[in-house]
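Chemist: Chains as they are written, first to last, in our numbering: chain A, 1 to 448; chain B, 1 to 448.
Mixed in with the good hints there might be a few duds.
Which copy is meant is left open, so a pair is good if it fits within one copy or across any two.
[As the list claims (entries may be wrong)] Derived DSSO-like pairs: lysine-lysine, alpha-carbon spacing no greater than 30 Å straight-line:
| hint | residue 1 | residue 2 |
| --- | --- | --- |
| 1 | Lys343 | Lys173 |
| 2 | Lys389 | Lys56 |
| 3 | Lys3 | Lys316 |
| 4 | Lys343 | Lys197 |
| 5 | Lys56 | Lys10 |
| 6 | Lys194 | Lys173 |
Since the hints were derived computationally from the structure, they do not count as laboratory data.
Number of protein chains: 2
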Amino acid sequence: MSKVEPRVLKGFRDYLPAQMIPRQEMIAGIERTFQRFGFLPLMTPALEYLDILTGKYGEEGEKLLYRFQDQGERSVALRYDLTVPLARVVAQYAEITLPFRRYQIAPVWRAEKPARGRFREFVQCDADIIGSRDMMADAELVQLACELLAGLGVEQFTLRLNNRKVLSGLMAKIGVPPGPADTAEAGVLRTVDKLPKIGEEETMRLLREENGLGPSQVEEVLRFLKLRGSTSEILNQLRGLFGEGSVGRQGAEELSQVFAILEGSGGSGKAAIDLSIARGLNYYTGTIYEAFLGNLPGFGAVMGGGRYDSLIGIFKGEEIPGVGISLGIDRLLEGLLELGVLKQRESVAQVLVTVFDPSRAAFSAGVAGLLRASGISCELFPAGAKIKKQFQHAERSGKTWVVVAGPDEESRNEVSVKDLQTGKQESVSLDGLAPYLSARVGGLDPRP
Amino acid sequence: MSKVEPRVLKGFRDYLPAQMIPRQEMIAGIERTFQRFGFLPLMTPALEYLDILTGKYGEEGEKLLYRFQDQGERSVALRYDLTVPLARVVAQYAEITLPFRRYQIAPVWRAEKPARGRFREFVQCDADIIGSRDMMADAELVQLACELLAGLGVEQFTLRLNNRKVLSGLMAKIGVPPGPADTAEAGVLRTVDKLPKIGEEETMRLLREENGLGPSQVEEVLRFLKLRGSTSEILNQLRGLFGEGSVGRQGAEELSQVFAILEGSGGSGKAAIDLSIARGLNYYTGTIYEAFLGNLPGFGAVMGGGRYDSLIGIFKGEEIPGVGISLGIDRLLEGLLELGVLKQRESVAQVLVTVFDPSRAAFSAGVAGLLRASGISCELFPAGAKIKKQFQHAERSGKTWVVVAGPDEESRNEVSVKDLQTGKQESVSLDGLAPYLSARVGGLDPRP
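Pulled out of the complex, with its shape left as it was, chain A reads as follows (with noise of 0.2 Å):
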């Protein structure tokens, strides 16, 4: 038998329990959120014909679609992200009722060059309320993100928000020709994204060699980028920076509107202006944000997402709005258990149930159902091997109680619990153990 070598793709991931475990709980926290707020849940196909995908995502996010031709010779790619599979749904069943809010929480397959914390494959979290105009829509995304972040039990994180119409009014002022994908203003937009990570110097250099603007441009980008104060001060500065009836004042306006209902609402408590927040994507068309947590400030956003009023047009022939958030779940996951906010684990079952010989199998798993029938988590060896090989099992895949159900303790319809972090063994009756374990195992064992 040749021996094929175990290897994953670069790019891609196992993750085994450990990870799993965390990753899992983290999940469960945000669908409860989800599910708190309405959101539905919807699943679409990993493969879609390659023409949905196109010309979605601008030139070189197009370069990393995965994409072949099916046994059928079909054009087909794996999706990019969630986003437009649901732009293709709300226009492909008349079933969906407007206002629609809806959540998915799948891979996306990208084939981007691999780097720290870059996968080709990775889980996208995603909440799109679709069919409503109002900023309502966006300042209860907003409303959400914190509770996502809050639920999680994070409890310093900041949401900075800003809008499309906005960025679009500096560029009318500078003389930047407007429009969607691969034009100057996205070019431009591209560069401003990258501020935080690249720093004033960078960003400055970029605007002129890369987007061809003079120095008085790069100079009114940069003061543009630098408005500070509180929420109404940067609002009052906007308006005067646009005139009445422009694209950036109408931009002003939204945020006002999305700022007043949260603070109506006494929910802006984590939420402020940042003006520098561009999001990569074409398709956003006003309100746009990002989550960061405060604590780890060098990690990056850890959601974001915004307004997209012309996606679902694309496929329906008439315009439906749509809103929405995007959470990367891995990138999430390392920042809460960098935070610590999460922790690894090895086990979610905290007893193991040993067996004595081959003999007293029956007994062994009979213990095992007992137990499971009162809800408590438990491995059952499953052969009938050494007892220092069962308890070193136990340590490994990190168990709290190991129950030894040998003959003797089976002639008087009994066990032994063995407390491996204190080393204390007792003898338990059979009809006293799941009480018995139910008590000491209790909140370690996080039944969902």
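Since chain A is already given, all that's left is putting chain B on it; use the hints.
Modeler: Just chain B now, kept in the frame of chain A:
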């Protein structure tokens, strides 16, 4: 803007919320049972190197792989099942301690000819114990299979067990040469596997015409398949059929051990021997089983699995035994919906909070926030639309309660709550709203 026709690929599906809600409920129930049995979550990539997947599924299976060249000219394929990636993982990571019990719930892709109930993308749900040759592991998985169904509220089901060695014994007895994939033995077993679907006549015809068996061979196969009686009676007949030390006898002894453990631990009620269970896949080497819903006799198996002691060796160079079960999420869901064990639902949230007009947006957002902070799921209508339209939305989206938050109510620190089922409307103070709805929504709101 040219319109792109919104559509999904043949054999692929979107899951809208009404389908997703019971599906997620079912998956959550399955995960609870896995955890109670001490199984650990694992995740592997959707894409694998092609050579990891080839040579494992037989000639027919291999044709169904979605394969292509990636941007780096690597030959890759979408995963076909969850067992081969598990085998790769066990061979690849030294930190995995055996016995290792893991579960994985994830989509797999097969370019099958689409048919009713057969899709090219479907979610598999697997649980396996790796590293034990002992029949305790097999009994544990039979027990798990029973608890999975019982835990979902299914009362009537059977688990039918067989053993590949028993079938190999039969083949040896009638003179069919042994062997795994694409051999005479595998061909005969594939035909035997079809018996429940195609009936005795057709099975006999295939055994003659496709597998080239003579009349006496066919007769012996059928006599074997018709062995009936209690478990111990069938086991005795098998012992009579196969000589001491033969592979068939070994299979009968393995079956006998599994039943001894199940009976001794009080868990055999749903399990029975069925010698016609053969399982299509090549890699099974011992115990095999399938689960059937008792009240849906023609529905086919909803779960299946068995022991595979040679698969991991392909990656590892040394043999590591494994035994597992696999269930098709969508098939089982279909069965549970048909049985009425699960129900389709349009919404998880039972409450809609309405908005009187744009100037009251903050008040309504505040009311929604108050409910959510009390753990009550609610949808906030995200725009200042006509109240009639908002009530229509509540009905279409499956809500039971509508909270009306108008200016009169706001001035009295109140809201009105309407019960859509009775049509009754009451004024409730803001302070009393969460308790009022908590008491009424109660069990309707399944917060995980």
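Chemist: Each of the hints needs a verdict: does it hold here or not?
Modeler: Structure-based check of each hint:
| no. | hint | verdict |
| --- | --- | --- |
| 1 | Lys343 / Lys173 | neither (49 Å within a copy, 57 Å between copies) |
| 2 | Lys389 / Lys56 | neither (57 Å within a copy, 33 Å between copies) |
| 3 | Lys3 / Lys316 | between (52 Å within a copy, 7 Å between copies) |
| 4 | Lys343 / Lys197 | within (28 Å within a copy, 49 Å between copies) |
| 5 | Lys56 / Lys10 | both (26 Å within a copy, 23 Å between copies) |
| 6 | Lys194 / Lys173 | within (21 Å within a copy, 73 Å between copies) |
In this structure, the hints that do not hold are numbers 1 and 2, in rising order.
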